[in-house]
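Peer 1: All chains should be modelled from the sequences, with the hints used to inform the complete structure.
Heads up: the protein sequence lines correspond to chains A and B, in order.
By our numbering, the letter at position 238 of the first sequence is numbered 239, and the numbering carries on one by one without gaps.
By our numbering, the letter at position 131 of the second sequence is numbered 157, and the numbering carries on one by one without gaps.
Hints were generated in silico from the structure; no laboratory data involved.
You may find that some hints are simply not true.
[Said to hold, decoys possible] Simulated crosslink set (SDA-like; lysine to any residue; CA at most 25 angstroms straight-line):
1) Lys17(A) / Lys198(A)
2) Lys165(B) / Asp120(B)
3) Lys176(A) / Pro151(A)
4) Lys455(B) / Leu240(A)
5) Lys499(B) / Arg273(A)
6) Lys463(B) / Lys413(B)
7) Lys257(A) / Asp120(B)
8) Lys413(B) / Thr186(A)
9) Lys413(B) / Glu103(A)
[To be verified] To give an idea of the interface, some chain A residues facing chain B are shown, with a C-beta separation under 10 angstroms as derived from the structure:
10) Tyr77
11) Gly130
12) Ser132
[What the hints assert, rightly or not] Partner residues are not named here, just some residues of chain B that face chain A (Cβ under 10 angstroms, in silico):
13) Ala248
14) Pro396
15) Leu402
16) Arg418
17) Lys422
18) Leu423
19) Gln549
We treat Cβ as the ideally placed atom computed from N, Cα and C, and that holds for glycine.
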Amino acid sequence: MKKIDIESCEYPELLKQIKDPPPVLYFKGEWNPDLFINALSVVGSRRMTSYGEIMTEEFISAVCRAGITVVSGFMYGIDAHTHQTAVDNGGYTIAVMPCGIERVHPEYQSELHSSIINSGGLIVSEYPGDSPPALWTYPRRNRIITGLSPTLLVIEAGLKSGALITAGIAKRYGKKIFAVPGPLTSSVSLGTSSLIKEGASIVTGTEDLLSEYGIKNSDNITTPSNIKLNKIQKSIMDLLHREPLAVDEITRHLNKSISETGAELTILCINRSIIFRDGRYYPSGEKIKGRKTF
Amino acid sequence: MNYFSGRQVLSVRRKNKREKNVLIKVTSVSFSGLTTIKIDVEINIADKGLPSFDIVGLPNKAVAESRERVRTALVNSNLKFPLRRITVNLAPGDVPKYGAFYDLPIAVGILSQVVGFEIPENSIFFVFFSLDGSLRHTKGALLAALFARENNLSNFFVPRLSANEASVVKGINVYPVDNLNQMINCFESGEEIKPSVYRLNKPASAAAVDFDMCEVLGQEQAKRALEIAAAGGHNLLMIGSPGSGKTMLARALPGIMPLLNDEESLEVTRIYSSAGNIPPGGSLISTRPFRAPHHIISQAGLVGGGTHPQPGEISLAHRGILFLDEFNEFPRAVIEALRQPIEDGELTISRSLERVTYPSRFILIAAANPCPCGFLNDDGKECICTKREILRYRKKLSGPILDRIDLHVDVPVVDVKKLSRSFYSQNNKENSVSIRKRITSARKIQQKRFSEESIHTNSEMKNRLIKKYVNLKPDSEALLMNGAESLQLSARSYLKVIKLARTIADLEQSEDIEEMHIAEALQFRPGIIE
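Peer 2: Encoded structure:
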């Protein structure tokens, strides 16, 4: 069992500064102090919507490309998707477990568990063995998540949610909190909205996050302009930039036959101008990446 | 005491004049699946021995009960039942006999001796009685009639209620019989029975279809998927929340299916006849079957089975539609049993005594909820399932079966208010009749294409036939390659897309598969609803 003591010089500096740092951290993977230099903590709802999924991909992939480590809690939903996006984009990620270090919880995410380790990331827990998670271990785990980085990003949270509890901890620790805005019709956007109301910073583009770390967005922004769109495709893109729609709705808006609309949508998908998620088409995220902060 | 009275009877009988031993042969049939076996009903009325009435030749319970029915029916028809030793042999003796088909041949045989008449040559009898001597509607009349024609048995006696079904077969005389007395009068005193003339019952087409396509609001893509399924015989999976209209869509499908042609109609009617599913006075089935078994169905109920194998729902859906609502509620084993029939278009059921093959070329329409609570991706209601529950639920959908489903389509809940408020254009309100026209001509193209093959539709094409009949233009192929890469298609999905594109092109009467056809086919790829 690999562990690191609070006395060790490799113990993360930021974590030492919180009120009750864990005396011992158990971990899996290769301990690399560099991982903690630039880190961003991410929390969010277990009940991730497609909007949350897409936002996670947009922000986390940009953050990873900028060399920032993302820290999250390995729970399904936003947490797991954060880790997954980091792994997919070749970034480093740290998962803080609410259970014993030997246990994979939730169990069916064992594939993600091993890919985090294989990609140079870490699995961390303050509990040895394979003790199961308990109700009280989650908030304990959340303090480590916030403690490991200077900034907390909240993507989707309900009004009574673990993500908001974590945000509360972060506030006490004096961390910078970012919240991703979402539609007010969604119950998992109410928590983030209330955070913004209370003074958390709103994220409207990746720049917002990166400038916090003093990094300039160096992403090569591939504008869809190099792909020629025909008239129908253009009007589809216009529709989708307003709101995500299902194929039937697009057909009705365009007043075209379903076969024509369907075919054009496929072509746009293949061009990667749009993405299909949970029954709806979304414009692919190039817009958000390139968007200037306002 | 009994001993003495017995002796007395015996001595009385001895005084009667000696009766000769007689052997009568009557022809009847037995069924094994859709094949018909000739049965010789041999009736021996002996000159010696105690009065008895036995049936031999592997009769089952229903056949053995013939004894009581025949005896009672004769008595109730005011005919004399001979008090002699009667042995009935159903030959061949090693084939098990099922069903109550032998009352009539046995009675006719016995009566020919008692009343004294000649059984007309080349006659075939089959069916069972009521106790009053009237003949009841039976299953298998069509199969028996087909058999009669093949074997030059030109006089076929059937109950009046089954006569129309039997008289589908031209070239034999089908005599409708009401009761035993009528038949005996015919043989004895030449009272004429007029052969039945076939009359096609008008399909109750309007009533048979529950919904017209134009009654289904919205759901443009799902409707289009049904159209493609009907045109190319492709299987379809619909995933949507409760109340989104999956069942309604499926029930509207028969309305756009092309009518059965003569050959198909006979195929279907044969299966229904053998299962006893043709109503009294029924005729050829001309509309495509639509079967929607509930998910508590057993394996034998779905694919057929039993010691004396009976056709299951898949065979009753032959050339038609098998609609499985709540697809992942069906027991796993029941669904897995569909694999081979979907692939082969027929299923052989092997039992120790019988081996029966039933055709099963159907379109599978499966409908399922997206998650256990049913409201994943729903606008109105929030899904309360955890990711794990959803995964477990999805796993219930068997991979190999999904592999055999060409069309996957999402059926979202339609906000009716929104629909009526705006957008709703006339061209989306196409009715079933005009859709059916398109489908019928697409089927004609396929018929022509596969005239030298044993298949009817694009969906039945295997790799070899795809290579032979499908030519992709370079542009289309490039698009497909591109799509396969960026949408991560498996090799099998790749072939499915080609088959679908072929059907889409057929619907547009297009010789070549254009880019747009491929692009539309890709809309229905599996896994789009993940």
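Peer 1: Can you list which hints this structure breaks, lowest number first?
Peer 2: Hints 1, 6, 7, 11, 12, 17 and 18 contradicted; others consistent.
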